[in-house]
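Residue numbers (our numbering), protein chains in the order written: chain F, 1 to 313; chain V, 314 to 533.
Mixed in with the good hints, there may be bad ones.
Here are some chain V residues pointing at chain F (derived, C-beta under 7 Å) [said to hold, decoys possible]:
1. Pro483
2. Val488
3. Pro491
4. Leu493
Some chain F residues well away from chain V (every beta-carbon gap over 10 Å; in silico) [what the hints assert, rightly or not]:
5. Gly25
6. Ala33
7. Met44
8. Ile56
9. Phe78
10. Leu85
11. Leu98
12. Asp119
13. Ile212
14. Met271
Keep in mind that the hints were calculated from the coordinates and are not lab data. In this text the structure is predicted, and so the values were computed from the model without any measurement. A virtual CB, placed ideally from N, CA and C, is assigned to each residue, including glycine.
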Amino acid sequence: MTHFQGTLLIAAGVFTLLIAVSALGAWLKLVRAEGSPHALIDNMNLRIQAWWAMTITIGLALLAGRIGVVVLFAFVSFTALREFLTIAPTRRGDHQSLVMAFFVALPFQYFLIGVEWHDFYEVFIPVYAFLFLPILSAVKSDTRNFMERTGTIQWGLMVTVFCISHIPALLNLHIPGHEHRNAFLIVFLVLIVQGADILHHICSRLFGKHQIAPQVSPSKTVEGFVGGIATAVILGALLSWMTPFSPGEAALVSLATTLMGFFGGLVLSAMKRDRGVKDWGGNIEGGGMLDRVASVCFAAPVYFHIVRHWWST
Amino acid sequence: MYPNHFMQRPVPEAVSWALTRFTRLITGAQARWIGCAPVPVQRIYFGNHNSHADFALIWASLPTPLRRITRPVAGADYWNASPLRRYIIHEVLHGVVIERSREGGTVEPVDVMAAALERGDSLILFPEGTRNTTEERLLPMKSGIYHLAQKCPHIDLVPVWMDNLGRLLPKGEIVPVPLLCSISFGAPLRLQEGEDKDAFLARIRDALLATMSTARPSES
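Please build the complete structure, drawing on both the sequences and the hints.
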């Protein structure tokens, strides 16, 4: 299959699916809810709208090429970091660390991705931001909750900037026999992780009985977990044609990726509970950016390292 | 609808538009009208004060018809200190500038504010008098708002609670960080007949805290 045919096939598949679920959502709203407010159906229709927006944005970014993808995910990181630090327990003495996090660390990380400086973008935030940001807070000599404050700022940068930046970094890999097709690695990752999320949601609604961590997230169940992961593994094997993986390998990669995605969602839910908020970016209707990308945050670096270690040169 | 007292000249209008957009963008705040509706009637908006950006956020959160008749009350010592600040406060925000530390002979601040109310303008003011940089949620209320309510007892006082602005631009910092802020408008109150100063100031304080707890239900 050529690059062009592959692109057409995936676009046709995704848009057919979107049109089908949109039609289903509109039908449910008209017939089952008779046009009146209905929590479950309205929530589903909001999600479908978000998928349309996400599909079109990612599609346009991929069409715009490398710069488009880097800029898109820099924007995703910015929004997610903003939501994360909004509920972080920082104090006045951290102001300059926060300025550096938003206006230096974030753009510089994406600059390094853009110029393919692999050795540096893998250590910039884990080593250099880690060392320098606490210095800026310490010289303000406010020691109250110092450990919690610096830990939280670093954690926010790691999860919202470092982890998410591994999605555009997939474009930097050199895979023999897979030249000019790296954009498919991004599409594959997003489809697998989103697919697992959606099927988890559906299976939990239909069969969910045994909660995994009820204190953290009452909607995550064993039944949803099994359904979501199993679907993603099958979907991964079916979509292996767009990747350098064989169907069996694609299934294993999907398994590792969606496991990380699932537990990423769980960890970020635990953080929300700790800070007493229901959604990230609480003043946006229907939750924020970090709610949408929680799973992919944890999945992206692991997926990146698997592909880099076993497939790239 | 009140007559518009200020000529709309193109340059200050453009600056006002840019300031409004910039404030909304950097704070990410959407106004929540919890205790009253965003209608263009004469009011006194009183808010908690953590940052210079407080003015800008209340100003930017008002829909245009309300913004046209609303004037922030500002301290002359800060706002008259440089040409840029003077331009912003007089030409763009149409502020009511008052002398905070008076030496004999100048006009009573309350009289200046009352004169603006008599023209039909709404006011934005901060009853704590100065920015709160402490750990406390609110500083003690100054008596100015009580004297103003005595002079104009027929005007609604609307509490406004803003969260996170002190973190966005703390006192003494220049570069704001784009943390998400929130702004909520609570239920209006008026001076009651025979109410004394302490009782009224306590109600003003309670109204601000009540607006805060409806704005963040998890901490109530």
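Status of each hint after checking the structure:
1. Pro483: This interface hint holds because 5 Å falls under the 7 Å limit.
2. Val488: Holds, because the Cβ-Cβ distance from Val488 (chain V) to chain F comes to roughly 5 Å (cut-off 7 Å).
3. Pro491: With a minimum Cβ separation of about 6 Å from chain F (threshold 7 Å), the hint on Pro491 (chain V) holds.
4. Leu493: Cβ of Leu493 (chain V) sits 4 Å from chain F, so the hint holds.
5. Gly25: The claim holds: Gly25 (chain F) sits with its nearest Cβ about 26 Å from chain V, beyond 10 Å.
6. Ala33: holds, 27 Å
7. Met44: holds, 24 Å
8. Ile56: The assertion about Ile56 (chain F) holds, with a minimum of 22 Å to chain V.
9. Phe78: violated, 8 Å
10. Leu85: violated, 6 Å
11. Leu98: At roughly 4 Å from the nearest Cβ of chain V, Leu98 (chain F) sits no farther out than 10 Å, so the non-interface label is violated.
12. Asp119: holds, 30 Å
13. Ile212: Nearest chain V Cβ is 23 Å from Ile212 (chain F), so the label holds.
14. Met271: holds, 14 Å
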